[in-house]
Amino acid sequence: MIPFLALWKRLALSMSRNPLALLMTFLVPLILFLFFSLVLGGSGGGGSGGGITLLLVGEERDTLPLSRAFEDLGGVNPSLNFKGKETEVAWTEERARAAVAEGDASLALLLPPGWLRGILSFDEPRPEATLLVSRPDSPASRIAQGLLIPAVASALGEGGFSIVGDALLANLDRAVSLGEISVEQHKVWSSAWMTGEAAWESQGGEGKGTLGLEMDALIPLHAEVAEVEEGIPFSVSAYYAGATAVLFLLFTVVHLGGRLLKEEKNGYIRRILLGGTPVSSVLAAHIVHGTGLSLSALALMFWVAHQFLGAGLAGQTLPLLVVGILTGFAFGAFGILFAFFMPDRETLERSSSIVILPMSALGGSMIPLFMLPVWVQNIGKLLPNGQAVVAFEKVGARHMYLSEITPQLLYLVVFTVVAFGCATTLWKRRWVA
Amino acid sequence: MQTVLQVVSLSHRYGDTLALSRISLQLGRGEGVALLGPNGAGKSTLMKAIMGAIRPQEGEIRLFNKPLNKQRGVLGYVPQEIALQEDLSVKENLEILGACAGLRGDRFRRGVSEGIALAGLEQRAHERVDRLSGGMKRRLNLAAGLIHNPPLLLLDEPTAGIDPLETSRILRALKAWKAKGGSFLLSTHRMEEVEGLCDRVIFLHEGVLLEEGTVSEVLSRCQTKAAIHVLFSSTPPPIPSGWPRDLSVEVRKDRWVVSTSGSEGLATVASLVGGVQDLTGLEPHRPDLGVRFRELAGTGLVPS
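Taken in sequence, the protein lines are chains A and B.
Heads up, the first sequence is in numbering that gives the first Met the number 0, so the first residue is 0 and it goes up one at a time.
Heads up, the second sequence is in numbering that gives the first Met the number 0, so the first residue is 0 and it goes up one at a time.
Just so you know, the hints here were simulated from the structure itself, not pulled from any lab data.
Take these hints with a grain of salt, some might be off.
As the list claims (entries may be wrong) - Below, simulated DSBU-like cross-link-like pairs (lysine-lysine); rule was C-alpha separation at most 35 Å, straight line:
no.: 1; chain 1: A; residue 1: Lys427; chain 2: B; residue 2: Lys65
no.: 2; chain 1: A; residue 1: Lys427; chain 2: B; residue 2: Lys177
no.: 3; chain 1: B; residue 1: Lys47; chain 2: B; residue 2: Lys252
What the hints assert, rightly or not - Partial pick of chain B residues on the chain A-facing surface, computed with a CB cut under 7 Å:
no.: 4; residue: Arg54
no.: 5; residue: Gly58
no.: 6; residue: Tyr76
no.: 7; residue: Cys99
no.: 8; residue: His147
no.: 9; residue: Pro150
Unchecked claim - Interface residues of chain A toward chain B, partial, derived using beta-carbon atoms under 7 Å:
no.: 10; residue: Ser13
no.: 11; residue: Asn265
no.: 12; residue: Gly266
no.: 13; residue: Leu273
no.: 14; residue: Gly274
no.: 15; residue: Ala432
As the structure is a computational prediction, the values presented were derived from the model and not from experiment.
In this text, a Cβ means the ideal position worked out from N, Cα and C, and glycines have one as well.
So here's chain A without its partners, still in its complex pose (with noise of 0.2 Å):
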């Protein structure tokens, strides 16, 4: 056996044999993720916390009512949570792609000026709105399309109900006598109506454009699914597998390098080194090591996250595995480094949690960095973790490919070898005159 793979087998024969470095390793940041994953992101849905964020941009004083019908609306359907022109943000069109590209609202509607008015002129070309999804198929688009005609009804104001519906049927009428429909086709909807599954059967959408005959005839609007920048759907529990993972492999890693330190201590490094062992080969097989490990909790994390959380992560296999693999080389490297910097395992130990715990919310483990302020965000992205947490959120959390997160791949190769080299510099001059 080569001198590397015996240190290697040595610190994995340990671990094995350690029931509290393993509950440590594995079982606490298990029992901590499945924790922020229940509460704080339910079993897997949307960045929008689980309700429907429905924006409406453009709405003029004509079309206030609109708005308020749509606040009527969240008061009896709790999972409606509505932005219409009374908020705290002013919804521009453009921020409205963004929020609903990002994923921090469900759906908006964009309206074009007259456009309420427009509605009852049947006759005339009339403007139309857009309403922007991030998926064509997603619950939260059926029922706001669902929301939409009582809320436009309501917003018409008194009687508005009666005009939309005679409008439509006056349309169905004149379809059938222009043999567009048939009569069954014609009793069908206008049944569909009368029952308030109108909006439910319109389900045309498939992207951009059509959202079928019956919508379309009575309000002008079109569907289109927003350019989608930053992977949706965020999945909370597949954020909180690798968030938590991170934040206890630093802790992992730096007890590694404690226990660097005690073996220097107690002369088992020198009798290595005496041996003919070279330095690298000693810090390499704690960076190997520790790789292995962050490789095992991730994977126990992120298999948890898959298989009861509804992560949806079984395409995502392969960018997480180099993401992992990459991490883990990163904190080996970061854990004997911050070793060097110590003059003994103990002190390591008391700074451990002084260190570790404010770059691990710096860097998003415990709060999502996106919900951070841009200055906080800014510092994580600094730090090995904080990478390590964005990388994870790409291809776990949004299901990015490996080629999206090229900045945080080149990141952790470039830290894992500076800090290396770094390292291995600085033990080789300590252990080697």
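Given the coordinates of chain A, assemble chain B onto it according to the supplied hints.
Relative to the frame of chain A, chain B by itself:
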């Protein structure tokens, strides 16, 4: 005799503190040398320099007549602490250290089995180290240092914290290894261990080599002579009038110190003090390395 280790005029400072001052020594094949001195004498610094852990500011160290940095696997090390993986078994520990020392194939298997035998742990080879007694751990610590059969072994207090029985087992093992041609440099302040084990002793004090020689040479230079202490339960009585003139006596607080030695001297003194009041016993004292060291370090005998 083939020279294994040569240290030539070695000096080293830690800041303003002189740790080693022009130390020179030589060690031949099959020779055991003890480095004696209190804490801070420079023993550890000298050991570190020989192990290549520090680079002395002056002087040279040669192993088998080659510079230190060109050597690999020549040195074995037995540190004062138990430098083993406590949660691994006896055999696993030796296997890992054997692999790290570059042993392969038959040499590896032989090294491991000989190490287990040397430690006397054949029956407990698969037991975790943290379940062994202190003495067993010490023996394994020694075996681990010898796993790759190095020509020169450096030992730092190898018997610290164990009982006399275990101490003698370790010293016996070391002696047996030395008889096969192994050389060692033993750093200790348990001077009583040295006499039957080491060929030569070196006294270090505050980084200075005070004295070097075989045990008998060093003891022969001792200014304190052998004596028999006559102990009393109260203030010693005056010397009897018929006391022989050639047997000098010094009266101390609770005893007489009679300058003589050996069983003949003891019998003579016993017959002379037989009837003296308040006598509680006789204690033969002979000068040892500790006495000699105290003379050198404490009475201005330090060489300039």
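Right, here's what the structure says about each hint:
no.	hint	result
1	A:Lys427 <-> B:Lys65	holds, 22 Å
2	A:Lys427 <-> B:Lys177	holds, 33 Å
3	B:Lys47 <-> B:Lys252	violated, 45 Å
4	Arg54	holds, 4 Å
5	Gly58	violated, 13 Å
6	Tyr76	holds, 5 Å
7	Cys99	holds, 5 Å
8	His147	holds, 6 Å
9	Pro150	violated, 12 Å
10	Ser13	holds, 5 Å
11	Asn265	holds, 4 Å
12	Gly266	holds, 3 Å
13	Leu273	holds, 5 Å
14	Gly274	holds, 3 Å
15	Ala432	holds, 4 Å
Against the hints set out earlier in the document, violations occur for numbers 3, 5, 9.
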